[in-house]
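In order, the protein sequence lines correspond to chains X and U. Each residue of the first sequence is one higher than the one before, starting from 78 at the first, in this note's numbering. Each residue of the second sequence is one higher than the one before, starting from 1058 at the first, in this note's numbering.
Check the hints yourself; a few may be wrong.
Calculated cross-link-like contacts (lysine to aspartate or glutamate; reagent style EDC-like; alpha-carbon spacing at most 20 Å) [claimed, not checked]:
1. U:K1201 - U:E1240
2. X:K193 - X:E138
3. X:K346 - X:E146
4. X:K175 - U:E1240
5. X:K343 - X:E146
6. U:K1067 - U:E1097
7. U:K1178 - U:E1240
8. U:K1201 - U:E1141
9. U:K1102 - U:D1331
10. U:K1102 - U:D1071
11. X:K172 - U:E1374
12. X:K175 - U:E1097
13. U:K1295 - X:E359
14. X:K168 - X:E146
15. X:K346 - X:E359
16. X:K163 - U:D1124
17. X:K168 - U:E1141
18. X:K168 - U:E1240
19. X:K343 - X:D328
20. X:K163 - U:D1331
21. X:K193 - X:E359
22. U:K1201 - U:D1356
Where chain U lies over chain X, by a calculated footprint (3+ residues, C-beta under 8 Å) [as the list claims (entries may be wrong)]:
23. 160–169
24. 206–212
25. 216–226
26. 288–294
27. 312–319
28. 330–343
Keep in mind the hints are simulated off the structure, nothing from the lab. Glycine included, each C-beta is placed from N, C-alpha and C at the ideal position.
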Amino acid sequence: MAWFRKPQYTTLRATPPRDVIPEGLWFKCTECVNFIYRKDFERNLMVCPKCGAHFKMSAMERIAMLADEGTWEEFNAHIRPTDALKFCDSKPYEKRLKDAMSKGDANEAVRTGRCKIDGHTVLLSVMDFNFIGGSMGSVVGERVTRLMERACTDRLPVISVATSGGARMQESILSLMQMAKTSAACAMLARERIPYISVLTDPTTAGVMASFASLGDVIVAEPGALIGFAGPRVIQQTINQILPRGFQRSDFVLAHGFVDIVVERKYLKATLARLVSFFWDEPKSTAKVVPMAL
Amino acid sequence: MAMTTFEFEKPIVDLEARLAELRQREAAGEDVASELHVAEMELQKTRESIYRNLTPHQRVLIARHFDRPHSLDYIRALFEQFTELHGDRQFRDDPSVVCGFGFFQGRPMAVIGQQKGKDVKENVARNFGMMHPEGYRKALRVMKLADKFRRPIAIFIDTPGAYPGIGAEERGQAEAIARNIMEMFTLNVPIVVLIIGEGASGGALGIGVGDRVLMLENAWYSVISPEGCASILWRDAKMAPVAAANLKLTATDLLQLGIIDDIIAEPLGGAHRDPLVAIENVRVALEQALNELTPLAPDVLRRLRHAKYRAMGKFIEEVSETAEAAAGDTTPGPTSRPPHSRKP
Ligand SMILES: [Zn+2]
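Work out the full structure, taking the sequences as your base and the hints as a guide.
Here is the structure:
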């Protein structure tokens, strides 16, 4: 593992004082408060090598980790969000969208496409928390739904990696209806007997959790992920008592029977490939050409 | 009548008081006929101008009025021999949702309704109409019973949201709602959803997928309550009126957006001012919806239901991926996607 290459005597004290840390060179783990050389952290798939805390990945980072090299092909990137309701809170939604698009490498809160995972061809949907909290608006609903519809026509398994704070409030009722739209698509997958594996990462709550993310044939969670319907703050305010330790975290959700497996990130790809092979036989001919357009 | 009135109704209340005073004087033998006439005219005018121009947030307040008819008021009035069925067969009976069967104008059918209380005590017993997972599972059990015996389903929506609590999370609130939504797309019988009060988010949608979604004039339906939205986006719950306007949560907004199929009129000032009129209007609307849906074959029903929700959402779709790659320059234009042509 990468961090073993670091000098043995590296301790917390040995990291340079805060004010001289070059921007971006070191990563401070918010769980164990250790400083980690950023390259080591990235090589360790954004998992703290000291305490094992799993940090958020962008959709592109996640795809790079899951897809076999050079196999990712994105669909429906040309579907873009619009401010249909002229929603304006502290800033107009239109502006919020522009800001979100210029901020990172995300073009919406989900990317969908086809790739191979350890040789298995699958349709993959990966959400991105950097884009307005991974919130589900019309574009997320549409891209996920089209992916599932394509899975039925192309007969390919679906893997979804979720991370979301819920519905996108700025799209109001339209975002709520994406729960219906994606759940209807899940009903289609079930009827067509297409395997659907849902991966829950930190955090997956509210509208996404109360729709397609909960409807996988198998549900996999990353360690320590916040998973639930209501956010902890809302619950705390409602019941006015301290929440139990580990409440709504992966192990809690596993213990209560709403997740099949909790898998460390380094084993995620292999686990997904194995699950697919349990349910799905790869077609013998690999020469099948799938048309690009839907 | 000692009915709770709202701040914005003050001009009406004042005029009503003045009218009452004049009537008293008239009864005492004074000649106030012309003053009475003027006051009556003015009251009528004021009522019209206030109630015909309600802001979204004023409608939200009306939708929450304690005396507004709730699910059981409609169910008792419209369904003969209503028989409540209890429990999800797994954990317990959730009293915040009432499920059962009854006869609607001689037609046997399933009924489901989120139930609020008329006072604090009843509200505590009903958990303010906020369902737990076992409530959603009970509702699904009854919907499947209806499906099994080919009976249509009527659903009354009136909830401030699914309950956010420890037990609700432990028992899988999100899973329960997700499963209900998905399963409702597989049902072979007509589903008529009536939003009679508050329709808050997943809590409402968890029993809210319908072939017809009808909404009372002053009800609201949104992804989040205006207060919740205000405290998250404005960090101030007092901004709820602004949030309410932004959320487009009124029946008129939702009809325009194609989310609901029709608006059911309420008596002037809200359903609580004349519950019998509201109940009669609901009866007529439900009857009409059932008449339209009953002749449809199960697969047609399912396909239409799927297509209806499939078309929801607004986004920009650039001409096509290939054109984009080839030309490198495409003019985005808003498209509203036609209903999906593929059979579900
Ligand atoms: Zn750490």
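Within the assertion that chain U covers the segment 330–343 of chain X, do at least three residues meet a Cβ-to-Cβ distance smaller than 8 Å? Holds: 3 residues of the segment 330–343 of chain X have a Cβ under 8 Å from chain U.
Mind checking the alpha carbons of K1201 (chain U) and E1141 (chain U) for me, to see if they're no more than 20 Å apart? At roughly 15 Å apart (the allowed maximum being 20 Å), E1141 (chain U) and K1201 (chain U) satisfy the hint.
How about the segment 206–212 of chain X: do at least three of its residues have a C-beta closer than 8 Å to a C-beta of chain U? violated (count 0)
Please work out if K193 (chain X) and E359 (chain X) have their alpha carbons no farther apart than 20 Å. Cα-Cα ~11 Å, so holds.
Is K346 (chain X) close enough to E146 (chain X), meaning Cα to Cα at most 20 Å? 13 Å, holds
Below or equal to 20 Å on CA atoms is what counts here, so check K1102 (chain U) against D1071 (chain U). 13 Å, holds
Taking 20 Å as the top limit, are the C-alpha atoms of K1201 (chain U) and D1356 (chain U) close enough? Satisfied, since the Cα-Cα distance of roughly 16 Å is no more than 20 Å.
Given coverage of the segment 216–226 of chain X by chain U, checked by CB-CB distance under 8 Å (3 or more): holds (count 5)
If you draw a straight line from the CA of K1102 (chain U) to the CA of D1331 (chain U), is it 20 Å or shorter? 19 Å, holds
Is the straight-line distance between the alpha-carbon of K1201 (chain U) and that of E1240 (chain U) 20 Å or less? Holds. K1201 (chain U) to E1240 (chain U) sits at ~9 Å (cutoff 20 Å).
Can the restraint linking K193 (chain X) and E138 (chain X) be considered satisfied, given a maximum Cα separation of 20 Å? 16 Å, holds
Does the alpha-carbon distance linking K168 (chain X) and E1240 (chain U) stay inside the 20 Å limit? 38 Å, violated
In the structure shown, a violation is registered for the earlier hints numbered 4, 7, 12, 13, 14, 16, 17, 18, 20, 24, in ascending order.
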